[in-house]
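Going letter by letter, the sequence shown gives residues 195 to 447 in this note's numbering.
Take these hints with a grain of salt, some might be off.
[Said to hold, decoys possible] Cut-off 25 Å, straight-line C-alpha distance, at most; resulting in silico cross-link-like pairs (BS3-like, lysine-lysine): (1) K307 - K206; (2) K298 - K415; (3) K285 - K217; (4) K427 - K415; (5) K390 - K427; (6) K217 - K390; (7) K264 - K224; (8) K390 - K413; (9) K210 - K266; (10) K345 - K307; (11) K297 - K307; (12) K210 - K285; (13) K325 - K285.
[Unchecked claim] Listed next, with one range per pair, are the computed distances between beta-carbon atoms: (14) R434 - K345: 38 to 48 Å; (15) K427 - E235: 34 to 44 Å; (16) K306 - Y384: 40 to 50 Å.
Calculated from the structure, these hints are not laboratory results. From the three backbone atoms N, C-alpha and C, an ideal C-beta is built for every residue, glycine too.
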Amino acid sequence: MNNQQENDFYSKFWDKTRHVIVKVLDTYGKIWHGYEVIGLEHLPQGPGIVIFYHSVSLLGYSFFAGKAYKEKGRLCHTVVHHLLYNLPGIKILCDVLLLRDFKKAECVEILKKGHLLGVAPGGAREAYFSKDYSLMWGNRTGFARLALEAKVPIIPIFAQNDSEVFRTFGKIRLARWIYEKTRCFLLPIYGGFPVKLRTYIGEPIPYDPNITATELAEKTKTAFENLRDRHQKMPGSILRALSERFDKGDKAN
195 MNNQQENDFY SKFWDKTRHV IVKVLDTYGK IWHGYEVIGL EHLPQGPGIV
245 IFYHSVSLLG YSFFAGKAYK EKGRLCHTVV HHLLYNLPGI KILCDVLLLR
295 DFKKAECVEI LKKGHLLGVA PGGAREAYFS KDYSLMWGNR TGFARLALEA
345 KVPIIPIFAQ NDSEVFRTFG KIRLARWIYE KTRCFLLPIY GGFPVKLRTY
395 IGEPIPYDPN ITATELAEKT KTAFENLRDR HQKMPGSILR ALSERFDKGD
445 KAN
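With the hints as extra help, turn the sequences into a complete structure.
Listed below in structure tokens is the structure:
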């Protein structure tokens, strides 16, 4: 391996590594979660921003990204927290899987090259403190501004039962206060339950030059919530999610 190949994570050299990782991920998802993805045909041929809910595990999104690569040959870059990217020993894995704390200019460049970009506007706050898949985007419109600047569609996705795999405890006011002050506070988690997981890919929201970032963010939020409400029974239940492993009902409903 020469230095150029080592530093170019788009090179064919890294494809074999990615295929191995995706194969392991795909096998795990199939065996432990009966994983399925519905709506791969909604992924555009060109660039787009994939918007997803930030669960604790992010397994639904991870399995989706693996399927997009395996079945469509699409590389899905993902914006992650800088603390994750800089964890000792994990940086090379993040680079191979295109997980990084991308800056705005880098995101624009990724989209202009025709790639998909995954963004969870709610971030870690959503993972720790959200209840029953409620979005915690606040006034964040960065992803919408990015979509307008790059002139790309937004694709909402929802992973059914994603929050039933792992859960956090200790969601008290003090924990929220510490998180807001430090942005690096970790709540204890428990789980690893073999619940049924399905990722539903919604119809793309096309680029519209006549819409503002705030309006586009609200439109995306509505599209995501419609997708969630159509495919997730509330309140979330680990037992019900486990029983759905044996449910042969209509996947589209």
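Hints, one by one, checked against the model:
no.	hint	in the structure
1	K307 - K206	holds (17 Å)
2	K298 - K415	holds (21 Å)
3	K285 - K217	holds (20 Å)
4	K427 - K415	holds (18 Å)
5	K390 - K427	holds (13 Å)
6	K217 - K390	holds (19 Å)
7	K264 - K224	holds (14 Å)
8	K390 - K413	violated (29 Å)
9	K210 - K266	holds (16 Å)
10	K345 - K307	holds (12 Å)
11	K297 - K307	holds (16 Å)
12	K210 - K285	holds (18 Å)
13	K325 - K285	violated (31 Å)
14	R434 - K345: 38 to 48 Å	holds (42 Å)
15	K427 - E235: 34 to 44 Å	violated (25 Å)
16	K306 - Y384: 40 to 50 Å	holds (42 Å)
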